[in-house]
Amino acid sequence: MHKTTIGTIMSRYIVPFFAGEDTTRWETLKNFIKNPNSKAGLIMIGILTFVAIFAPLIAPYDPYRQNLSESLNPPSLTHPFGTDLYGRDVISRVIYGAWIAVKICVIGIGIAFIIGNLAGALSGYYGGWIDAIIMRIVDSIMSFPFLVLVIAIMAIFGPGLKNLYFAIAIVSWCQYARIVRSKYLSEKEEEYVRAAKAIGFSDTRVIFGHLMPNSIMPTIVYASLDCALVILLAASLSFIGVGAQPPTPEWGAQIAEGRQFLQVAWWVATFPALGIMYAVIGFSLLGDGLRDLLEK
Amino acid sequence: MSLGRYALRRFFGMAPVFFIVLFTVFLMLHLIPGDPAKNILGIMATPERLEQLRDALGLNEPIYKQFYLFLAQLGHGSLGMSIRYKAPITELIFSRLKVTLSLVIMSAVFCVIISLPLSLWATKHRGKAPDYAVRVSSLFIFSMPEFWTGLVALNIFALRFGLFPTRGWGVGLLDNLHHLFLPSLILGLFLTALVTRALRSDMLEVLRKEYIQTAKTYGFSDRTIYLKYALKNALLPTITVLGLNLGWLLGSTVVIETVFSLPGIGAMLLDAVIVRDYPLIQGISLIFALAIMLNNYVVDMLYGLIDPRIYR
Numbered sequence: 000m001h002k003t004t005i006g007t008i009m010s011r012y013i014v015p016f017f018a019g020e021d022t023t024r025w026e027t028l029k030n031f032i033k034n035p036n037s038k039a040g041l042i043m044i045g046i047l048t049f050v051a052i053f054a055p056l057i058a059p060y061d062p063y064r065q066n067l068s069e070s071l072n073p074p075s076l077t078h079p080f081g082t083d084l085y086g087r088d089v090i091s092r093v094i095y096g097a098w099i100a101v102k103i104c105v106i107g108i109g110i111a112f113i114i115g116n117l118a119g120a121l122s123g124y125y126g127g128w129i130d131a132i133i134m135r136i137v138d139s140i141m142s143f144p145f146l147v148l149v150i151a152i153m154a155i156f157g158p159g160l161k162n163l164y165f166a167i168a169i170v171s172w173c174q175y176a177r178i179v180r181s182k183y184l185s186e187k188e189e190e191y192v193r194a195a196k197a198i199g200f201s202d203t204r205v206i207f208g209h210l211m212p213n214s215i216m217p218t219i220v221y222a223s224l225d226c227a228l229v230i231l232l233a234a235s236l237s238f239i240g241v242g243a244q245p246p247t248p249e250w251g252a253q254i255a256e257g258r259q260f261l262q263v264a265w266w267v268a269t270f271p272a273l274g275i276m277y278a279v280i281g282f283s284l285l286g287d288g289l290r291d292l293l294e295k
Numbered sequence: 000m001s002l003g004r005y006a007l008r009r010f011f012g013m014a015p016v017f018f019i020v021l022f023t024v025f026l027m028l029h030l031i032p033g034d035p036a037k038n039i040l041g042i043m044a045t046p047e048r049l050e051q052l053r054d055a056l057g058l059n060e061p062i063y064k065q066f067y068l069f070l071a072q073l074g075h076g077s078l079g080m081s082i083r084y085k086a087p088i089t090e091l092i093f094s095r096l097k098v099t100l101s102l103v104i105m106s107a108v109f110c111v112i113i114s115l116p117l118s119l120w121a122t123k124h125r126g127k128a129p130d131y132a133v134r135v136s137s138l139f140i141f142s143m144p145e146f147w148t149g150l151v152a153l154n155i156f157a158l159r160f161g162l163f164p165t166r167g168w169g170v171g172l173l174d175n176l177h178h179l180f181l182p183s184l185i186l187g188l189f190l191t192a193l194v195t196r197a198l199r200s201d202m203l204e205v206l207r208k209e210y211i212q213t214a215k216t217y218g219f220s221d222r223t224i225y226l227k228y229a230l231k232n233a234l235l236p237t238i239t240v241l242g243l244n245l246g247w248l249l250g251s252t253v254v255i256e257t258v259f260s261l262p263g264i265g266a267m268l269l270d271a272v273i274v275r276d277y278p279l280i281q282g283i284s285l286i287f288a289l290a291i292m293l294n295n296y297v298v299d300m301l302y303g304l305i306d307p308r309i310y311r
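Sequences listed follow chains A and B, in order.
Counted the way numbering that gives the first Met the number 0 counts, the first sequence spans residues 0 to 295.
Counted the way numbering that gives the first Met the number 0 counts, the second sequence spans residues 0 to 311.
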């Protein structure tokens with residue numbers, strides 16, 4: 000990101016917040032933290048990220064270590080979530096699954112967020128044929144069902160986590176580009192942009208220093224909701240066998256491994272499913288809270 | 000502008016997108032790292048068989064000629080031959096289209112049947128227990144992965160209680176509905192949660208408008224106000240939610256058809272991915288993309304019909 004964008008965000012949001020300046024922006028941040036939706040979402044995602052980052056310290060066992068003498072043990076004090084077919088500890092695998100989910104969000108959505116913001120900026124700022132080309136590409140990518148296009152990309156480049164990040168990024172940048180473009184179209188005519196142009200600032204400076212800080216919020220809201228969708232999507236892909244491959248402790252892959260024993264050993268598939276639900280609820284609450292903040 | 004002219008202009012406006020979609024589908028075979036023929040047949044294939052497949056897929060021609068041949072083939076209404084099934088792809092798709100189509104239509108019906116009354120109920124008692132219950136449960140349903148709900152429903156209702164068949168597609172209309180009940184309900188749940196939330200918030204917004212106040216002062220019953228005045232105006236954003244998420248619904252058929260072993264297009268796509276039948280993957284992706292483009296077009300036209308201000 001351009002240095003002026005970071006500078007503007009710092010001086011507008013971060014510094015007033017910590018300095019305790021009594022500005023309206025600080026008020027909105029306080030509202031954000033007081034809003035029950037976003038409060039719950041922040042706490043849930045905070046815990047998720049903490050567990051994900053410190054997975055090696057928190058998980059009681061190695062998620063890959065097999066112990067065939069303890070195959071399919073029910074939940075107990077030594078194994079709170081039980082063990083799977085190969086005697087691996089389910090709680091450790093669910094905890095490592097959180098790390099994979101966070102990685103999918105940060106890498107997949109992160110790339111999509113950057114590409115989408117840049118493409119949308121180009122499209123909205125310059126218009127004309129640049130806009131026409133970018134928007135037709137966006138329209139055609141969005142003509143495919145999300146899941147189908149990701150499956151096709153995975154079929155081309157082969158299954159595995161790395162290709163999954165890549166596939167998710169290729170498909171999901173479009174929505175960000177659309178949001179940013181429509182925001183630029185209305186923002187472009189504002190006084191401050193005209194003033195910046197009149198002073199003779201370069202296009203890069205107008206885009207990164209003036210337009211981007213004022214149009215990035217809607218994409219941040221969307222990114223939070225997108226994380227929820229992408230976690231569901233990645234789990235579905237791994238479940239049907241084209242995403243993360245066993246023995247990777249991805250939640251969807253774990254459910255696929257446990258599906259045959261749902262009647263005799265419910266815990267193998269149920270706890271990863273609860274992990275998915277937890278992450279999705281957390282991100283949607285956070286996204287709802289952010290949206291409330293934006294609409295006020 | 001009249002609705003007819005709007006319809007025509009919108010239709011021809013889709014041409015560039017249609018062309019890029021075709022090109023994307025065409026590229027699917029050519030983006031495979033290394034030699035596509037080797038990728039399809041595996042490393043054990045003999046050089047003669049590789050050469051034969053390359054010829055069949057037209058990989059020996061220059062790339063622009065291949066694209067021309069691809070378009071010419073489409074112009075004749077053909078999508079090529081499936082490598083695995085050794086049959087024309089159009090035939091394969093059409094023989095399975097009815098399963099996927101009925102699944103999607105039935106889940107859209109479920110979605111409307113469930114979400115309309117629920118959201119009306121929630122708006123009527125806003126801020127009270129029913130509203131809260133609807134909001135919390137829709138959040139939970141939204142968060143549950145479809146394949147998981149599908150597995151649980153399959154285990155409880157089909158395996159334990161024997162109320163529904165566990166797999167496959169039936170014979171005759173009633174039997175098919177019986178087979179489709181559980182999969183389409185599960186497929187529709189995600190969308191139901193989204194639509195319920197959207198309709199609830201749109202209804203609340205419309206109910207704050209002045210013409211609703213006017214209707215109230217006239218002394219109309221709640222029933223008239225909700226159904227005749229508010230619902231009609233709240234429906235437009237709801238159609239948007241339904242229309243925009245048809246892609247999600249179509250994509251999810253891959254997962255649901257796999258869980259319930261339904262012989263639809265989605266399950267065939269997964270089959271094709273596993274055996275690396277790239278022409279079939281291309282064909283199915285193209286059909287799905289066409290379905291969504293058609294859907295977006297129809298949704299736009301519906302907009303025009305419901306709210307003529309859009310095209311004027």
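None of these hints come from the bench; they were simulated from the model.
Accuracy of the hints is not assured; some may be wrong.
[Stated by the list, open to error] DSS-like, lysine-lysine: derived pairs with alpha carbons at most 27 Å apart: (1) Lys227/B <-> Lys215/B; (2) Lys33/A <-> Lys231/B; (3) Lys161/A <-> Lys215/B; (4) Lys123/B <-> Lys37/B; (5) Lys227/B <-> Lys208/B; (6) Lys208/B <-> Lys127/B; (7) Lys127/B <-> Lys37/B; (8) Lys38/A <-> Lys127/B; (9) Lys123/B <-> Lys208/B.
Comparing the hints with the structure gives:
1. Taking the CA atoms of Lys227/B and Lys215/B, the gap is near 13 Å; set against the 27 Å cutoff, the hint holds.
2. At roughly 35 Å between alpha-carbon atoms, Lys33/A and Lys231/B are farther apart than 27 Å, so this suggested pair is violated.
3. The straight-line distance between the Cα atoms of Lys161/A and Lys215/B is roughly 59 Å, outside the 27 Å bound, and the hint therefore fails.
4. A C-alpha spacing of about 63 Å is found between Lys123/B and Lys37/B, which places the hinted pair above 27 Å, so the restraint is violated.
5. Annotation: proposed proximity of Lys227/B to Lys208/B holds, straight-line Cα distance about 14 Å (limit 27 Å).
6. Our distance criterion of 27 Å between C-alpha atoms is met by Lys208/B and Lys127/B, whose separation comes to about 21 Å.
7. For the proposed pair Lys127/B and Lys37/B, the alpha carbon gap of about 63 Å is over 27 Å, so the pair is violated.
8. Restraint check: the Cα-Cα separation between Lys38/A and Lys127/B comes to about 21 Å, which is no more than 27 Å; the hinted pair holds.
9. The straight-line distance between the Cα atoms of Lys123/B and Lys208/B is roughly 16 Å, inside the 27 Å bound, and the hint therefore holds.
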